[in-house]
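Trainee: If you read the protein sequences in the order shown, they are chains A and B. Note that the working numbering numbers the first sequence so that position 422 is 437, with each residue one more than the last. Note that the working numbering numbers the second sequence so that position 58 is 65, with each residue one more than the last.
It should be emphasised that the hints constitute simulated quantities derived from the structure, not laboratory data. The C-beta atom is built at its ideal place from N, Cα and C for all residues, glycine as well. A few of these clues could be false.
[As the list claims (entries may be wrong)] Only pairs whose alpha carbons sit at most 30 Å apart, straight line, appear in this in silico DSS-like list of lysine-lysine:
no., chain 1, residue 1, chain 2, residue 2
1, A, K259, B, K202
2, A, K622, A, K437
3, A, K425, B, K202
4, A, K432, B, K84
5, B, K296, A, K407
6, A, K371, B, K104
7, B, K104, A, K638
8, A, K568, A, K159
[Claimed, not checked] Computed spacing ranges between beta-carbons, pair by pair:
no., chain 1, residue 1, chain 2, residue 2, range
9, B, A300, A, K746, 37 to 45 Å
10, B, K296, A, K638, 21 to 29 Å
11, B, P266, A, K746, 19 to 27 Å
12, A, D625, B, K104, 50 to 58 Å
13, A, K437, B, G344, 19 to 27 Å
[What the hints assert, rightly or not] To be clear about the criterion: a stretch of chain B counts as covered by chain A if any three or more of its residues have a C-beta under 8 Å from a C-beta of chain A, and this derived list gives those stretches:
no., segment
14, 78 to 84
15, 170 to 179
16, 304 to 313
17, 325 to 334
18, 362 to 371
19, 414 to 421
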Amino acid sequence: MKPMTKFIKQANLAILLGISAMTVMAADEKPAPATDAAATAAPAAVADDKPASKAPAKLAIKPWWAYQPVQAQDVPTVKQKQWVRTPIDAFVLAKLEEKNLKPSPEADRAAFIRRATLDAWGIIPTPEEVKSFVADRSPQAYEKLVDRLLASPHYGERQARRWLDLARYADSTGFQNDTTRPNMYRYRDYVINSFNQDKPYDTFIKEQLAGDEIAPTDPNVIVATGFLAGYPDNYNSRDLVQRKYQITTDNTDTIGEVFLAQSVACARCHDHKFDKISEKEYFQLQAFLANTSEIMDIPAPVGAQEIEYRKQLAKYQEATKDIRAERKAILDPVREKGLKYYRERYLTDSRVSIVKPESEWNPHDRWINHRLDNVTTEEDIAAYLDVAGTQKESTEYDPKLTEKYERYKKLGEDLKKFDKLKPAKGSDKITAMTELGHPEAPATFKFFAGDHERPLEEVQPDFPAAIANGEKPVIVPTATSSGRRTALANWIASSKNPLTARVYVNRVWNEYFGKGIVSTVSDFGKAGEKPTHPELLDYLADNFVKEGWSVKKLHREILLSSVYRQSSGSRADAFKADPENRLLAVFPRKRLDAEQIRDSLLVAAGKLNDTVGGPSVFPPVPKNLGAGNLWEVSTDTQDFNRRSLYVFTRRSVAYPLLETFDMASPQQVHSKRSVTTTPLQALALANSDVVYEWSQNLAGRVINEAGNDQGAELDRLFQILFARNPDKAEKDTLLKFLAGHEKTIKDKAESGKFAIAVPIGVKEDKQLKDPIRASAFVDLVHTVANSNEFAYRN
Amino acid sequence: MTTKSRRDFLKSTGYGVGGLALSGMLPALGTGFGAAYASELIDPLAPKQPQFPAKAKSVIWLHMSGAPATVDLYDYKPDLIKLAGQEVPPSFLKGIKTSTQGGVGKLFASKRTWNQHGDSGAWFSDLLPNLAQHADKLAFIKSSTTIGATHDISIMKLNTGDLNPGRPTLGSWVSYALGSANPDLPPYVVLYAGKREPRGGGVNWASGFLPAVYQGVAFRPGASPILHLDRPELVDAAQQRDSFDLLKRLNEQRGARYPEDTELQARMRSYELAYRMETTAPEAVDLSKETAATKALYGLDDEATKDYGTQMLRARRLVERGVRFIQVVSGTLDINGDSRDWDAHQDLEQNHSTHAKAVDKPIAGLLADLKSRGLLESTLVVWTSEFSRTSYGQSGSGRDHNPWGYTQWMAGGGANAGFTFGQTDEIGLQSVGKKVDTYDLHATVLNLMGLDHLKVTFLNHGRSERPTVVYGEVIKELIA
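Given the sequences, and given the hints that come with them, work out the whole structure.
Mentor: This is the structure:
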């Protein structure tokens with residue numbers, strides 16, 4: 016409620032002071048009546064008003080800071096010079112000194128390595144890693160640690176998850192049918208590999224926006240366009256013209272938000288109220304994407320996965336050869352009529368393209384017909400056979416087909432029996448965006464109020480003038496493509512673009528410190544927040560480009576800074592002077608995000624399967640989820656313990672254990688993880704069978720590693736989960752619990768329901784004599800894993 | 008209190024009393040659920056006052072999934088019956104984009120008999136004999152319009168106002184604006200008939216860009232309605248009580264280092280809420296204590312009405328427990344061997360008589376029961392669908408999708424009972440005069456909840472978003 020009341024207060028204030036007549040009007044403004052397509056255009060933006068306290072009157076004169084070129088910065092002079100390890104520190108310290116605040120002391124080494132490992136890898140460190148770092152007396156101890164973290168494939172996995180949030184990554188289309196996209200994992204793996212190889216960020220951008228134009232024959236680059244191809248889609252849409260518009264809109268808005276932190280979407284229905292992006296400019300951005308089509312059958316380079324996939328597929332095909340042949344033979348005679356019937360079911364403006372012979376297609380018709388091809392299946396012909404064979408009142412009815420349909424249906428049931436022979440996951444194809452081998456693009460129009468049925472003038476690809484600072488697109492068509500996206504990518508990935516580097520370094524900063532230098536990480540427009548440390552932001556952006564857009568170097572500098580090394584211990588003076596900790600006098604603590612919680616529990620349990628990449632997996636879900644065939648649990652139990660970023664992202668069925676901890680929604684760009692605290696989260700960690708079983712494993716591991724010594728066990732448990740030993744008071748609490756809890760478990764035995772949980776995986780020589788005590792220990796371990804300290808990064 | 012006597016205490020107080028039983032031993036929680044919020048903790052679900060006095064405290068949002076033909080239920084059109092079998096006069100098709108070339112069939116009348124009911128004289132077809140008895144409780148919207156030719160898109164619009172995923176649903180806005188009236192239950196609950204989640208899933212009760220805490224919680228069929236509500240098989244209640252006591256102590260011992268961190272305190276408290284939810288949630292959906300008469304009222308004694316009746320009775324129990332928004336999605340039923348929702352492209356007779364039978368008595372039972380318990384005044388019941396069905400036929404025995412003109416209704420919760428707003432043309436195809444779009448319906452529902460749809464806002468990416476996107480008008484005539 017807070018943001019809302021805050022906003023209302025500000026709006027009221029605006030009315031009182033009369034500062035922002037425009038803002039106030041906007042809230043009541045009534046848009047044109049909603050025609051079909053105007054609402055298709057949806058979040059139009061009369062509600063774009065921003066808090067009135069940031070009245071735009073003066074800003075209009077001075078160019079907006081974020082559109083100014085990035086400036087190289089002089090490192091400020093500070094008093095506490097010995098604290099400065101990196102230029103970052105000087106920028107932060109300068110602001111602290113202005114407020115007479117001292118930075119916090121260094122975090123102890125164990126806390127530091129837990130923090131850095133969670134940040135860089137997304138999991139907790141092992142006690143051995145902690146011990147060796149704590150004991151490392153070399154002056155390069157921190158550098159060695161940070162370089163080790165950045166060299167591990169876990170680094171790429173962690174950074175990829177952040178990027179996939181932005182790319183609204185999913186393994187399915189969403190909407191009602193939520194069809195599986197079996198090839199999309201290749202894009203996910205591309206992202207992981209890019210971070211692990213420290214691919215320069217400018218290259219990373221270009222490949223995702225125009226990989227098919229830049230390297231049309233290189234599957235490892237083409238796959239990057241999965242960034243564009245990941246839009247939510249419904250294959251059953253009967254309005255293909257609307258679909259094209261919605262896909263282009265998704266791509267345009269996603270690009271604007273992810274790379275440029277501009278909510279360009281506002282300008283789709285009206286000139287942007289705060290940022291200088293006109294409606295025309297918005298559609299000029301759309302024009303870069305006008306000729307882009309999804310293609311799903313590019314052969315993938317053949318590796319072990321593909322060989323295995325094909326082997327399994329061949330088995331299925333062999334076993335079902337006769338059934339499939341007979342089904343095809345039934346459909347063949349009605350294929351033409353069925354196809355005609357099916358195609359007539361598209362809306363009027365789609366049909367204009369559909370009925371045209373291929374020789375007469377213009378680029379727009381080509382797009383529509385390719386789309387139609389992509390979504391037409393045998394089932395559509397079968398649906399016709401159903402109507403013609405069984406619907407007596409239908410004009411298509413033909414009694415001769417009744418038997419054929421019945422037979423077809425029966426064969427379908429037979430075929431289903433072989434489903435378990437199908438490859439359970441994976442593919443041998445790549446999905447990408449391409450221009451289907453044609454350089455000519457369909458025309459793009461500006462639409463009245465964003466309504467695609469009300470086109471106004473035609474527009475050409477161009478950059479928003481306010482951001483472009485005079486730069487114009489240089490479009491060089493290739494033999495097979497319009498070259499438009501390459502031009503767009505070159506502009507975005509240019510060192511001269513005032514936004515790109517700033518936006519990215521700010522995202523990385525946000526990951527480490529829980530708040531960006533610009534806190535609205537995806538809005539650098541006038542409705543967003545201004546930077547708390549503008550010089551630092553420019554220093555980071557400038558240096559990022561100078562260092563060849565190296566993402567690892569950026570992480571390294573932050574990880575090795577004194578700012579990052581501070582303790583997170585509570586400080587009354589800092590809290591009083593800067594309650595939101597915007598100046599970073601204290602290291603900001605943070606609840607682990609969904610993936611960090613699950614993956615760290617797996618690490619603690621000693622169960623993590625750390626295979627990198629590959630098709631997405633389906634770990635078990637609660638029995639009462641009711642997701643039917645949208646969530647068929649993997650048959651390979653090894654899959655259960657993969658890192659969370661490999662868990663299948665089904666747009667309509669979120670994996671419950673992650674969802675409850677505020678995982679990213681894959682429907683749109685997800686810029687920032689929120690932290691909510693709910694009883695449903697407590698239920699998940701306390702009651703999930705999976706988490707409980709991991710606790711049993713963790714208990715077993717502790718016993719194996721600590722021996723049958725109670726004190727040593729408690730030490731070990733805390734070392735694993737918290738990177739520290741319990742203090743005396745905590746030990747007392749735990750021992751008291753064990754004593755009482757053994758009694759509780761005995762009571763259970765007396766009530767006749769004696770089934771107890773015991774540690775899993777205990778080695779022969781460590782077997783416990785007393786099962787009740789062992790069971791009490793499992794509950795202790797489970798409880799400690801539920802504690803606040805585990806769920807936080809200090 | 009020792010651990011043992013604490014358990015005994017729980018036993019002796021019935022163990023299912025939730026907050027009451029626990030309050031004696033957990034001083035931090037105070038007494039009863041009102042007091043649980045008295046603490047200074049920041050809780051996103053803390054109850055909030057409406058912006059102006061609310062007529063409705065709870066909403067039951069009945070989504071008839073698959074889109075029933077309201078010309079066969081409420082919208083009596085003698086001319087349609089007269090003209091049945093003829094081509095649709097072109098004047099009636101003006102201004103609309105019909106979805107299929109081959110699909111605009113001849114005008115089609117189903118085998119209905121129609122009668123007027125109540126003082127209001129509202130028309131009902133013979134498909135809804137029980138609901139017809141409550142004619143005077145309903146406020147009809149006969150000029151509903153929406154967008155789209157595809158179910159999933161229009162269902163998303165029905166719930167979020169948008170055709171693409173990403174916006175919060177109406178229920179999410181309500182829980183965001185009003186919080187929870189009962190900390191032991193989520194403020195926004197989704198019920199569904201049938202064994203599996205409705206297709207399209209969580210998008211239709213998602214919180215979109217609002218924090219996830221405001222999303223709907225799907226209550227699953229069976230005794231254990233919430234995911235992870237049951238303890239692990241080998242952990243009993245006493246064990247968990249021990250564990251949660253330990254957890255509290257550990258959290259307090261360590262948390263002393265961060266006295267200003269309210270998030271840590273909230274997380275500590277969330278385990279106590281969870282512990283109570285383990286009993287309150289199953290109890291909320293446990294129908295075993297309902298009388299045989301009540302069960303019969305909802306049709307639980309008949310296989311045809313049992314499933315939907317169960318959802319209706321659960322809905323009433325949730326209303327009694329302060330849940331703000333209950334979204335009920337109708338399920339699929341066996342129609343000539345196929346599992347189908349209201350989507351009657353063919354076999355409308357069989358389809359609609361089966362579906363109408365499944366919901367008619369349960370909804371009538373709900374209205375009667377709410378009334379007799381004095382809850383109808385503060386409970387808004389809304390019959391909605393993503394769109395409806397055409398006056399012209401399809402496949403000779405069914406109807407196609409109609410987003411241009413159809414009927415929805417509201418009852419209780421300050422709705423203008425006995426009133427009919429708007430109308431369709433003579434054949435029931437398009438709305439004429441003032442139309443009511445999804446946004447208007449949402450604005451009106453929010454108004455009855457004491458919320459101004461223009462002033463419930465959330466700042467997202469620099470945009471001040473509101474529930475009705477950039478549209479919406481409260482239909483004042485629908486408010487008593």
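Trainee: So, for every hint listed, does it hold in this structure?
Mentor: Here is what the structure says about each hint:
Between the alpha carbons of A:K259 and B:K202 the distance comes to roughly 35 Å, so the proposed pair goes past 30 Å and is violated. At most 30 Å may separate the alpha-carbon atoms for a hinted pair to count; A:K622 and A:K437 meet this at roughly 28 Å. Taken as a hint, the A:K425 and B:K202 pair is honoured in the structure, with Cα atoms around 25 Å apart against an allowance of 30 Å. At roughly 49 Å between alpha-carbon atoms, A:K432 and B:K84 are farther apart than 30 Å, so this suggested pair is violated.
Taking the CA atoms of B:K296 and A:K407, the gap is near 49 Å; set against the 30 Å cutoff, the hint is violated. The hinted pair formed by A:K371 and B:K104 meets the criterion: a straight-line CA distance of about 20 Å does not exceed 30 Å. The suggested pairing of B:K104 with A:K638 is violated, with an alpha-carbon distance near 44 Å, which exceeds 30 Å. Simply put, A:K568 and A:K159 have alpha-carbon atoms about 14 Å apart, close enough for the 30 Å limit, and the pair holds.
Between B:A300 and A:K746, the C-beta spacing of about 59 Å breaks the proposed range 37 to 45 Å. Our hint of 21 to 29 Å for B:K296 and A:K638 holds, since their Cβ atoms are close to 25 Å apart. For B:P266 and A:K746, the Cβ-Cβ distance of about 23 Å falls inside the hinted range of 19 to 27 Å, so the restraint holds. Distance hint for A:D625 and B:K104: a CB-CB separation of about 54 Å, consistent with the stated range 50 to 58 Å.
Between A:K437 and B:G344 the beta carbons are some 26 Å apart, a value that agrees with the proposed interval 19 to 27 Å. Judged by the Cβ-Cβ criterion of 8 Å, the segment 78 to 84 of chain B is not covered by chain A as claimed, because only 0 of its residues qualify and three are needed. With 5 residues having a beta carbon nearer than 8 Å to a beta carbon of chain A, the segment 170 to 179 of chain B meets the requirement of three or more and the stated coverage holds. Remark: the segment 304 to 313 of chain B is not confirmed as covered by chain A, as 0 of its residues place a Cβ nearer than 8 Å to a Cβ of that chain, below the required three.
Counting residues of the segment 325 to 334 of chain B whose beta-carbon sits less than 8 Å from any beta-carbon of chain A gives 0, not enough to reach three: the coverage restraint is violated. Given as covered by chain A, the segment 362 to 371 of chain B fails the check, having 0 residues with a CB less than 8 Å from a CB of that chain where 3 are the minimum. Taking a C-beta to C-beta cut-off of 8 Å, the segment 414 to 421 of chain B contributes 0 residues in contact with chain A, too few for the three needed, and the coverage statement is violated.
Checked against the numbered hints listed earlier, the structure breaks hints 1, 4, 5, 7, 9, 14, 16, 17, 18, 19; every other hint is satisfied.
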